[in-house]
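J.: Chain by chain, the residues run as shown.
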Amino acid sequence: MTGVILAVITGASSGIGLELARCAAADGCEIIICADGDDIHKVGEQLAGSGTAVKAVQADLGTPGGVETLFKAIGGRRVDYMMANAGRGRGDAFLNQSEADFDEVLRVNVIGTTDLLHRAVRMMRTQGSGRILITGSIAGWMPGSYHAVYNATKAYIDLLSLAIRNEVNDTDITVTCLMPGATDTMFFDRAEMLDTPIGKDPNKDDPAMVAKEGYAAMLDGASGVTTGFMNKVQSLVSGLIPDSVLAAMHRKMAKPDGRMDNV
Amino acid sequence: MSDQKLAVVTGASSGIGYELARFAVEDHYDILICADEPEIEHAADKLRRLGGTVQTMQVDLATRDGTDAFWAAVGDRHIDIFCANAGRALGTAFHEQEWEAIRRLIMLNMVQTTTLLHRVGLRMQAQGQGRILVTGSIGGFVAGPYDAVYNATKAYLDSLCYALQDEWKDGPVTLTCLMPGPTDTPIFTRPENQLADSPIAKSDHLGDVTKTARAGYDAMLAGKKGVVPGVMNKLIAMFAGVVPQGILAELHRRGAKPE
Chain A
1 MTGVILAVIT GASSGIGLEL ARCAAADGCE IIICADGDDI HKVGEQLAGS GTAVKAVQAD
61 LGTPGGVETL FKAIGGRRVD YMMANAGRGR GDAFLNQSEA DFDEVLRVNV IGTTDLLHRA
121 VRMMRTQGSG RILITGSIAG WMPGSYHAVY NATKAYIDLL SLAIRNEVND TDITVTCLMP
181 GATDTMFFDR AEMLDTPIGK DPNKDDPAMV AKEGYAAMLD GASGVTTGFM NKVQSLVSGL
241 IPDSVLAAMH RKMAKPDGRM DNV
Chain B
1001 MSDQKLAVVT GASSGIGYEL ARFAVEDHYD ILICADEPEI EHAADKLRRL GGTVQTMQVD
1061 LATRDGTDAF WAAVGDRHID IFCANAGRAL GTAFHEQEWE AIRRLIMLNM VQTTTLLHRV
1121 GLRMQAQGQG RILVTGSIGG FVAGPYDAVY NATKAYLDSL CYALQDEWKD GPVTLTCLMP
1181 GPTDTPIFTR PENQLADSPI AKSDHLGDVT KTARAGYDAM LAGKKGVVPG VMNKLIAMFA
1241 GVVPQGILAE LHRRGAKPE
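Chains as they are written, first to last, in our numbering: chain A, 1 to 263; chain B, 1001 to 1259.
Calculated from the structure, these hints are not laboratory results. Fair warning: this is a prediction, and the values are worked out from it, not measured in the lab. There could be a bad hint or two in this list.
With a Cα cut of at most 20 Å, we get these calculated SDA-like pairs of lysine to any residue [stated by the list, open to error]: (1) A/K55 to A/T69; (2) B/K1234 to A/I241; (3) B/K1169 to A/N231; (4) A/K252 to A/D195; (5) B/K1225 to B/R1131; (6) B/K1234 to B/T1210; (7) B/K1224 to A/D38; (8) A/K252 to A/P202; (9) B/K1224 to B/R1088; (10) A/K55 to A/D38; (11) B/K1225 to A/S244; (12) A/K72 to A/D36; (13) B/K1225 to A/S238; (14) A/K232 to B/E1098; (15) B/K1169 to A/S244; (16) A/K252 to A/S238; (17) B/K1169 to A/M249; (18) B/K1202 to B/R1088; (19) B/K1257 to A/T171; (20) B/K1169 to A/T69; (21) A/K232 to B/K1225; (22) B/K1224 to B/V1243; (23) A/K72 to B/W1099.
A few chain A residues that face chain B, going by a derived Cβ cut-off under 8 Å, partial list only [to be verified]: (24) E30; (25) H118; (26) S145.
From the three backbone atoms N, C-alpha and C, an ideal C-beta is built for every residue, glycine too.
Build out the structure end to end from the sequences listed, making use of the hints.
T.: In structure tokens, the structure reads:
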């Protein structure tokens, strides 16, 4: 039992979350992975095939019961690494979305993630140490015309991550915010953004590379990491460009082609 | 009656919301105001003495039922002005806060505001006219230790406002984001906000609530995108883009950590 490092990764059935789980597995961690679809079990079997101790948990973290289910699966064990990665996007104009559309983004990205972090910080304060990696986004530094609620939820996540990091700076807990740019995952398909310039962009970042940088930053206890060169440039200049200009830039990337606006 | 203009203000029992409602009364709007406390009736009495036609609702917008009930009270009326102002803060360290208090803060500051903006946005686009004011905060530019979730909720609102302004830029509806600095309102004294013991609450330099609200109200009528009242706050908003967040967080800790 001694010496086993337990890593928990949410949103691990595909994309950056799956790659984070692979990083932890390659690092010799025991892992608990979670996602809302039943494909998480198949992912669990694949990872277990390479000799990793894996527990797969199917739970929708956008529901109060979902976060509880995950923590029941953790079962009061010491968690060394908590990677709060689960998130959803939803493209199109705000007024073309239904309330259920943006509600899901808020439930998963904000309420679920905050609940998870709240439990993780309390748990790690009791443990005396631990590492937290939160998947924010460079979208948080740029108002998201035609992806408005998503970008705003990432503004929330990026800022919350930095605030919690400051609060625990006299402990052995670290909080790292992974802020990827557009990454080649299922994200744009699920967000119904395949008909947008950013959805069609063939030069998206490799999720394995993004996860590797995030995992390394977490182990270093860095405050944040922006992956990809263009994304670094973008996050650097976003502080200097007025928000209204950033919003207009975002429109060019995220507005669906040839669809009527509701405005 | 039918040509009488309507202004709706949430969180109007005190502070910035009350002042916004007062300006609307002075401008001869009929007003519908709400808050989650009985003081909304005292506010309404004062506004009626100024000659206003005032409809009130005591409702908890941190719940979906409350939000729906309030929207039902708005009914299918033409809305000329909508001030999405209701919001709360939550001091002390993140791990010391109760989850239920955090959840309610998110529901009130983010989910409720987003839902009402969606409904009001659709209504005003259909009307072909309308002005919206959202009370964001310069807190949204700064990581906020010891008020962590609050600042993050305001980062959400600030970001959402700028995105919607761009989406609506060629339409008939304007949306203005009021981003006050620390202002002399009950936000620092309400026991449930848990900020009364913080240095910022005891500061002699809190912004004047009337001036803050006035800046927001005027910016809304002028259809401006955003307004940061006060010279110091303008400086903070400007520097927030260039000073590393780690330093901003440390500054915030000094102001917000309970003594």
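J.: If a hint holds in the structure, say so; if it doesn't, say that too.
T.: Outcome of the hint check:
no. : hint               : in the structure
1   : A/K55 to A/T69     : 13 Å, holds
2   : B/K1234 to A/I241  : 15 Å, holds
3   : B/K1169 to A/N231  : 27 Å, violated
4   : A/K252 to A/D195   : 12 Å, holds
5   : B/K1225 to B/R1131 : 11 Å, holds
6   : B/K1234 to B/T1210 : 17 Å, holds
7   : B/K1224 to A/D38   : 48 Å, violated
8   : A/K252 to A/P202   : 16 Å, holds
9   : B/K1224 to B/R1088 : 25 Å, violated
10  : A/K55 to A/D38     : 13 Å, holds
11  : B/K1225 to A/S244  : 8 Å, holds
12  : A/K72 to A/D36     : 16 Å, holds
13  : B/K1225 to A/S238  : 18 Å, holds
14  : A/K232 to B/E1098  : 36 Å, violated
15  : B/K1169 to A/S244  : 10 Å, holds
16  : A/K252 to A/S238   : 16 Å, holds
17  : B/K1169 to A/M249  : 13 Å, holds
18  : B/K1202 to B/R1088 : 18 Å, holds
19  : B/K1257 to A/T171  : 16 Å, holds
20  : B/K1169 to A/T69   : 44 Å, violated
21  : A/K232 to B/K1225  : 27 Å, violated
22  : B/K1224 to B/V1243 : 26 Å, violated
23  : A/K72 to B/W1099   : 17 Å, holds
24  : E30                : 25 Å, violated
25  : H118               : 6 Å, holds
26  : S145               : 4 Å, holds
When held up to the earlier numbered hints, the structure conflicts with 3, 7, 9, 14, 20, 21, 22, 24 and fits the remainder.
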